[in-house]
Amino acid sequence: MSQSNVEVSEIHWLMDMFQTVDVGLVVLSADYRIQVWNGFMENHSGLTPRQVRDRYLFDLFSEIDEDWLRRKCDPVILLKNRAFTIWEQRPYIFKFRNYRPITGSAEYMYQNSTIFPLTDTMGKVTHLCLIIYDVTDVAVSRIELESMNGQLRTLSKTDFLTSLNNRGFWEEALIKEYKRIQRSGHHSTLLMCDIDHFKRVNDTYGHSAGDAVIQQVAAAVKKNLRSTDVAGRYGGEEFAVLLLDTTVDQAMFFAERLRKNVEAMAVEYNQQVLRVTVSIGVAEYHEDMGEYRDWLEAADKALYQSKAAGRNRITKASGSEPL
6 MSQSNVEVSE IHWLMDMFQT VDVGLVVLSA DYRIQVWNGF MENHSGLTPR
56 QVRDRYLFDL FSEIDEDWLR RKCDPVILLK NRAFTIWEQR PYIFKFRNYR
106 PITGSAEYMY QNSTIFPLTD TMGKVTHLCL IIYDVTDVAV SRIELESMNG
156 QLRTLSKTDF LTSLNNRGFW EEALIKEYKR IQRSGHHSTL LMCDIDHFKR
206 VNDTYGHSAG DAVIQQVAAA VKKNLRSTDV AGRYGGEEFA VLLLDTTVDQ
256 AMFFAERLRK NVEAMAVEYN QQVLRVTVSI GVAEYHEDMG EYRDWLEAAD
306 KALYQSKAAG RNRITKASGS EPL
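In this note's numbering, the protein residues as written are 6 to 328.
None of these hints come from the bench; they were simulated from the model.
Be aware that one or more of the hints could be misleading.
[What the hints assert, rightly or not] Think about it this way: if two alpha-carbon atoms lie no more than 16 Å apart in a straight line, the pair counts; the simulated EDC-like pairs of lysine to aspartate or glutamate are:
hint, residue 1, residue 2
1, Lys184, Glu268
2, Lys184, Asp250
3, Lys184, Asp36
4, Lys100, Asp79
5, Lys184, Glu296
6, Lys181, Asp234
7, Lys228, Glu292
8, Lys181, Glu268
9, Lys100, Glu112
10, Lys129, Glu71
11, Lys100, Glu71
12, Lys77, Asp36
13, Lys162, Glu149
14, Lys85, Glu112
15, Lys312, Glu243
16, Lys312, Asp201
17, Lys129, Asp79
18, Lys181, Glu112
[Said to hold, decoys possible] DEER-style ranges, computed between Cβ atoms:
hint, residue 1, residue 2, range
19, Ser232, Arg55, 32 to 42 Å
20, Lys265, Arg205, 13 to 23 Å
21, Lys184, Lys228, 50 to 60 Å
We put the beta carbon where it would ideally sit given N, CA and C, even for glycine.
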């Protein structure tokens, strides 16, 4: 085979690879007009090389952020360096629909890209080459994994029945707040709340009815929370609320509002209406508390004083008379 035939064959092979390779290849002039458009780009855009030839890139693909892409490409022309884009920073350059069955949850193709300069025989940069990689499989897997990890983190701190914080996470929050106010000297108040005669509900109507009651009381707790408050299901029918930067007198307003909300609440279960009340204990942090458990104990003791005094009432840990 003659040398000229070999060269023709090599050019044919290169052109064949250029058209069939599973990445996008785009060549742009220095003024961002499309010069080369391979088979990957044609297949995903629906536009042939003839249709895009010499067209201004940003007119043809208005979804591309021109300022952003120019900030990426202009240094390539000036400094003759390569540039890269990744899907984590910007999902795609070209808004191609995703048709892969495995990653069907993605509406559009996620892309990484490499941008490098093309020079003439004098070494002057005259064109840019963009290589577009379809990384949808990797991106969707990463997104789903992060979403799953986020859900697991949420589940690890959430009580399944009430969607409040579970005891472990809530108690961690209490420990952090205890340490914070030891340093800052701010006021924070702990509220413990227990559903009155809850065993009677379970014994009379069954545990499913008891779950319904717990959920409704939890909803009342959430309804009264401020964005800075931290509420949790402490155990069984008992709830705890940490009221940050709140004095005991301010906490009493919260507690009374919650008590009234529960008292007025009607829980519908199996065509029956169940009514419950709550007893509440309130304890503000003070410096004599040697550890966070002392704070818990003070609020818990106040709660049981409310129980002993007739239920459906609030008691301050300071020993004041139940409201």
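Looking back at the numbered hints, which does the structure fail to meet, lowest number first? 1, 3, 4, 7, 8, 10, 13, 14, 18, 19, 21
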